[in-house]
Structures are given as structure tokens and as C-alpha cells.
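Numbered by the working numbering, the letters in the sequence shown go through residues 4 to 503 in order.
Since the hints were made in silico from the structure, they are not lab data. There could be a bad hint or two in this list.
Stated by the list, open to error - Here are the computed distance ranges between Cβ atoms for each label pair:
#, residue 1, residue 2, range
1, Val19, Val351, 47 to 53 Å
2, His122, Phe235, 39 to 45 Å
3, Phe235, Lys71, 19 to 25 Å
4, Glu224, Gln33, 46 to 52 Å
5, Ile238, Ile296, 45 to 51 Å
6, Ala308, Leu18, 42 to 48 Å
7, Tyr304, Ile65, 28 to 34 Å
8, Ile261, Phe66, 50 to 56 Å
9, Gln292, Val351, 18 to 24 Å
10, Pro10, Leu55, 36 to 42 Å
As the list claims (entries may be wrong) - Computed list of lysine-lysine pairs in DSS-like fashion (alpha-carbon distance at most 30 Å, straight line):
#, residue 1, residue 2
11, Lys293, Lys73
12, Lys253, Lys167
13, Lys71, Lys11
14, Lys167, Lys293
15, Lys73, Lys253
16, Lys11, Lys489
Here the structure is a predicted model, which means the values were calculated and not measured. Backbone N, C-alpha and C fix where the C-beta goes; we use that ideal spot for every residue, glycine too.
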Amino acid sequence: MFKNIAPKRFLFSILVITSFIGITLANLNQADSLFANLQKEISDNLGWLIILAANAILIFVIFLAFSKHKNVILGGADARPEFSNINWIAMLFSAGLGIGLLFYGVAEPILHLSSDVIHPVDAEFADRANLAMNFTYLHWGFHGWSIYAVVGLCFAYFTFNKNKPFRISSFFSGSLTDRVWGRVSLDVIAIIATIFGIATSLGLGANQINSGLGYMGVLDESFSSTVGIIIFITILGLISVVLGLKTGIKRLSQINMILCSLFLLFIFFAGPSAYILDGIIQNIGSYLQKILILSSSTQGYADSAWQNSWTLFYYSWWFAWSPFVGLFIARISYGRSIQEFLLGVVLVPSILVFIWMGVFGNAALNQEFLEPGSLSTAINNDITISLFVFLEQFPYAPVLMGLSILIILTFFVTSSDSGALVTSMLTAANNESAQEEPPMTLRVIWALSLGVIAIVLLAGGGLSALQTSVIVTGAPFAILIFFACKNLLNNLNEQSNSLD
């Protein structure tokens, strides 16, 4: 049953995770304070590095997409894509964004609007609203998807073109990876980042479902209810991951895209459509104009608490999720050129994000403009109910709330099953083919583990514990990506020189 499992990677990962669970459960009263202090220390001392890394990766992706290597096919010259463009984009969208879109789509613009940290004291509503959307686009746009793209490209190139296993250690060469424990350590960092990154998303989603059902009067809000929701979704994710990539995850991603499209269209047409369109055009233009200033701000001359809670958290979240999403993107991108891969992974999802955030964010801003405090008061008190307070203003509000919970569920399941699949691939034995499914035993173990980790993190400090887990695992991976980019470029240059 365990013959296809890489024992060192698997056991070392389990040891680290169970140690974390044990320490947290044994010190629940101190865990919240510990997580908060740890998050602050990492953000204060390594924030500059995370900001620098995100910008450097975006520049690297732009360079590579238009370099002499742009026509290199992932899998070799004769390779052909395994999935259609529509299915490819659907799986990118579902796995890469997950629950965060619904959790922050309304809340983030309103929270930025009402923040006194990023606005001049005498700023007009229009300026505050535009800057709020600029930061929202910064946190969800090109930088994050570039992180996913470069990690995904490393997985795809070294696996499909260099015949190496789906491992982070496959990105590197030299004395470190010549040693078994050096390779294992690199891979375990990626596994831990994947596990805690996905667990964060699952915890956010469970909180939002619980709050939504409580807001609708369907279920009492409590920790036990949240645990029950996580268990229920973990079981659904387990079923999906057992069905496999082409049956479970692919179909769920298609359903997810259809439901999201219907939801988006209703909000657009039932809301202030002209206001939304005006806002989206202005927001995108302003974001592109200010991207250098926004993306390089470290709040070096001010209190960095806002920066730590928002930009650094988001960038760390993208880094923490990058092994998971990167490997998943690589797995579904066989047969695509480097240029097609990079532009597809960065531009298409970013545009979808700009549209989604533009519709929900501007509709929420319009509501706040017409009725000051109608959203901001509720959201500042409890961010998890932001979407439901927003939907209350629309016709058929109960139906929309039900649809939103259904979409959160599908995002929840696609994140869970994709994460279990990816983690299984990272801990499978080296003889596992890139085109085959990883062992069923591994998929089941990791699907269950994701639910357990999410529950423990919530028990140990709620959202602060979840945010800290992301920053703690994302920061070291940001450093690894620098060296991965260098090795990728070296290998591409060697390949190019050998063909000349």
C-alpha cells in the first residue's frame, strides 16, 4: 500500500505537521499571542525582502515571455496540450484563487476605503474609492499570478523537458541537492507551505460559510459549527480527489466557473451597471499608472501595521500557495509553449480578477457612497459577513446568499482536492510518471490532513493564526524562488546553445 510513497519526504512532513498540531493544542491559550508576535517579527524584518521578491519575479516573467526561449514547448517539440483552453482556464481560476475572491471581493475595497492609514485626512470619496480599488488590484493582480507562473514553469520545464520528478528539489542543482537530506529539506518546505496555505483558505471559507448561514438564520455561529463545515467539505474533497483530475477536479472547476459567471452577471445587471463600468475602466487605468509606486511601497517611514496585514500578507499568501498552484498548473499545462504558459497564467486570471473585483468592489463602493456606514460598519465589526450584508440590498437576496454559499463550497472542494493531489505528487516516489495519478493512499491521507490542519489553526487563534501560518511558510519560499529562477534560465540557455 505504501510502495509508491517517498518515505523520507512523507515522514518528515508528517513529523513537522504533527509537531505543530501538538504544540498548538497543548498551548491554546498562548497560541494566539505567539502567532501574532511571530507574524509581526517576520513582517517587520523581512517585509522588504517579500516586496522585492514579488517585483523581481514579475520582471523576470515579462522578460522570459518575450525572450528567445518563448517558443520552447513544455514536454518537447511534439507535445500537444492535454486540456482545452476553456478547461485549462477554468482549472487555473478555481485552484489559483479559491475562496479568497468571495471572502475579500466586497470586504477589501470597503476596508481600504474606510482606512485612514493609506489616505490623506482630507481625501474626497472618489479619490479614496479609486485608491481602494488600486490596492485591491495590486493584491490580486499581476504580482501574485507571476509568482504562480514562475513556480509552475519550473515544475513543468524540469519535469516534462528534463524528465525529473515533480519536486521543488528538481529546480536546483549543486552540492545541496546532491545530498538526500538537502533534497528532502527543500521538498518539505514546499509541502509545508502548500499544506498551511491551503488550510488558510479552508479556514477562511469555513468561517464565511458559518457566518453566512448564521446571518441567514440557518445555523448558529460557533466554533463547533465551523469544525462541522470543515469536516463536511473535507469529505467532499476526499471524494473528488479519489475520482481524480479528469473526473473530479475538472468537472468541479467547470461547475465553479459556470456558477461564478451567473453570480457575476446578476450583480452587474442588477447593480449600478454604468457606475461599475466607469469604475473598472478608471481603476485599471489608474492601477497601471501607479503600479510602480504601489508595488514598491514598504511604508518605511510610517507604522507598518497596515502593510503587514495587507500587502505582505497577500504576497506571502501567493508565495505559500505557489508550490501547490504552481505544480497543479504545471500538471495541466503539458504541451504549451513558455510564452503561452506565462501569458495565459498571468494575464487571463488577472483580467478575470479585475472584472470580478471591479464588479463587486465598485457595486459595494456605490452602496457605501449612497448610504455611508451601511457596509463599512458591519465589515469592520465582522469581515466574514461582508458578502451577505452586501447581497441584502439586491432583489432575491436569499437566493443570492444561497448561491454564494454554494460557490464557496465548490471553491472549498476544488482547493481541498487540488491541494491533496499536489501534496500527494510531492510525496510520491520518484518512479511516479508526470502523467499518472499519485497513489490513492497519499491522496486520502493529505485530503484528511488539510481539514485537520485548518481546524487546529482556527482553534489556536482564528484568523490571526491562519495569517501567521501563511507568512511563516511564504517568506522562506520567496528566497527559494530566486535561486529557482536563476537555475531555470541557466538550463534554458544551455538548451538554446546546444541547438545553435
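Open item on the list: Hint compliance check: list the failing hint numbers for this structure, sorted ascending.
Closed with: Those not satisfied are hints 1, 3, 4, 6, 8, 13 and 14.
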